[in-house]
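S.K.: First to last, the sequence lines map onto chains W and P. Numbering of the first sequence is given in our numbering, commencing with residue 1 and proceeding in unit increments. Numbering of the second sequence is given in our numbering, commencing with residue 1 and proceeding in unit increments.
A hint or two may mislead.
[Claimed, not checked] DSS-like cross-link-like pairs, simulated, lysine-lysine; straight-line CA separation at most 27 angstroms:
#1 P:375 / W:19
#2 P:168 / W:41
#3 W:50 / P:205
#4 P:33 / P:308
#5 P:33 / W:38
#6 P:116 / P:91
#7 P:188 / W:19
Just so you know, these hints were derived from the structure itself, not from any lab.
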Amino acid sequence: MRINYERCGYCGACVGVCKSMAIELIENRVVIYEERCKRCKACIIVCPLKALEE
Amino acid sequence: MRWVLKDEYDVVVVGAGPAGSMASYYASKNGAKTLLVEKSQEIGEPVRCAEAVPKLEEFNIPPSEEFVRSYIKGGYLIAPNGRRIEVRGGKTEGYVVERKIFDKYLAIRSARAGTKIAVKSRVVDLYPYEDGFKVKIIHLGEEYTVKTKIVIAADGMESSVAEMAGLKCKKNPMEVCSCAEYEMTGVKLLDKHMMEFYFGDLSPKGYAWIFPKGDTANVGLGVIDKKKKAIDYLNEFLEHPILEGRLKDATPVEFKCGGVPVGGPIEKTVDDNIMVVGDAAGQVSPLTGGGIYLAMSCGSIAGEVAGKAVKKGDYSKETLMEYERRWKERFYNTLMTELKYKNILQKLSEKELNIIAEVIDGKLEEVDVKKIMFKVIKKAPSLLKYFKDVIG
Ligand SMILES: Cc1cc2nc3c(=O)[nH]c(=O)nc-3n(C[C@H](O)[C@H](O)[C@H](O)COP(=O)(O)OP(=O)(O)OC[C@H]3O[C@@H](n4cnc5c(N)ncnc54)[C@H](O)[C@@H]3O)c2cc1C
Ligand code: SF4
Ligand code: SF4
Chain W
1 MRINYERCGY CGACVGVCKS MAIELIENRV VIYEERCKRC KACIIVCPLK
51 ALEE
Chain P
1 MRWVLKDEYD VVVVGAGPAG SMASYYASKN GAKTLLVEKS QEIGEPVRCA
51 EAVPKLEEFN IPPSEEFVRS YIKGGYLIAP NGRRIEVRGG KTEGYVVERK
101 IFDKYLAIRS ARAGTKIAVK SRVVDLYPYE DGFKVKIIHL GEEYTVKTKI
151 VIAADGMESS VAEMAGLKCK KNPMEVCSCA EYEMTGVKLL DKHMMEFYFG
201 DLSPKGYAWI FPKGDTANVG LGVIDKKKKA IDYLNEFLEH PILEGRLKDA
251 TPVEFKCGGV PVGGPIEKTV DDNIMVVGDA AGQVSPLTGG GIYLAMSCGS
301 IAGEVAGKAV KKGDYSKETL MEYERRWKER FYNTLMTELK YKNILQKLSE
351 KELNIIAEVI DGKLEEVDVK KIMFKVIKKA PSLLKYFKDV IG
């Protein structure tokens, strides 16, 4: 999962759908723990700003 | 502030949104030694909300000028063809608030009741420990471990904290409304005391809104859509002909975005030594996406129950179940009915929405969906297919 920090609005919607607990929002910075990611794309679907890409 | 994180507590509440501030307020008020932990450096920031709240009297919170920006008398539900249905009174009355100030106000109110607060402090893990939890918190890059008897997970949409304790509260992406919003000044409102809701293809499976907010208005929308993003829909909405140029001279002063869990409550909101409240528990109206009132109500119950449990010295699931019983008694049926209505609304085409608006014709005293459905079916029997499950 790649995150475009210029687009991200640090809202945490992606965090709330990641059942693998692979995303964390640290104040205004989204962090993705690749080793936990199952590539389910749930985070991509809910992101309102298209800040996430495979 | 570090000393706050070097102590032990009866109750640790995670997240200083409306759910967490109300829960910690009542926990403190009932005598529990309570810590409220918020990861942001400023409570109330960033805002992910359209900021409409119903009347607050039942919480004994006066509608202070400090945070109230507009008084709301009702709303216009606007069909794709522009036909307006006016709804006034009852549950539609309330305020549009400045959430940054409102959330902070609620946190201060909780602090006055005795709650200690840690800001810029992020909960990263929970470990079961004797009869309670060890809460791992990171503050300014340093790690702290705080012991507590009860954890109240009020971490909002992110819904991570209860997962750390093994409860399931992550949401299905097709049950999350993806939202984008500009707060704008210079908006020509239909009425400065009325909210505007727009339905149809301009905001698939959700709606667009314009909420008056003092000198500004919140202009936003929520969608459930795999292909196109909320921000793209929003940019189109700003220029949509249905607005008849009412945003032509408007300019943004703030951008907000976020996800609203509209799939109904999670299954289990209680376990030994832990309760889940607010967005994290899915306590949000599936129909409107409104969650502030429910977060405050359910948060209040959780705080009270935590206080009682501490007095009893019993933090077991059985004791904490009082919280789940009480919030379900008040809200569960309504939430499940709204979920059904939402599922119908999401299936209606623009043409069908127009028919419904025509049948209702103008004004609604109250949103009694059942009554509306019977009226609609009488005039447009073809719509019965959607409603039969709910009427049956
Ligand atoms: C665009 C949009 C518009 C909305 N409009 C409305 C509306 O008009 N009216 C309405 O009633 N509702 C609205 N809602 C829903 C409403 O915002 C939520 O239901 C409400 O904020 C839920 O309150 P809460 O206390 O559960 O969570 P939140 O208000 O989200 O608070 C959770 C807090 O927990 C903190 N937190 C998270 N994780 C951690 C951690 N690990 N450690 C420490 N702290 C943590 C967060 O920083 C946050 O401050 C809207 C939502 C969105 C996205
Ligand atoms: S793709 Fe799935 S598992 Fe990976 S970060 Fe996104 S939501 Fe989590
Ligand atoms: S959902 Fe998108 S905008 Fe929101 S925090 Fe995640 S990546 Fe950023």
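S.K.: Hint by hint, say whether it matches the structure.
M.R.: Going down the list of hints, with the structure as the test:
no., hint, result
1, P:375 / W:19, "violated, 43 angstroms"
2, P:168 / W:41, "holds, 19 angstroms"
3, W:50 / P:205, "holds, 18 angstroms"
4, P:33 / P:308, "holds, 12 angstroms"
5, P:33 / W:38, "violated, 40 angstroms"
6, P:116 / P:91, "violated, 34 angstroms"
7, P:188 / W:19, "violated, 43 angstroms"
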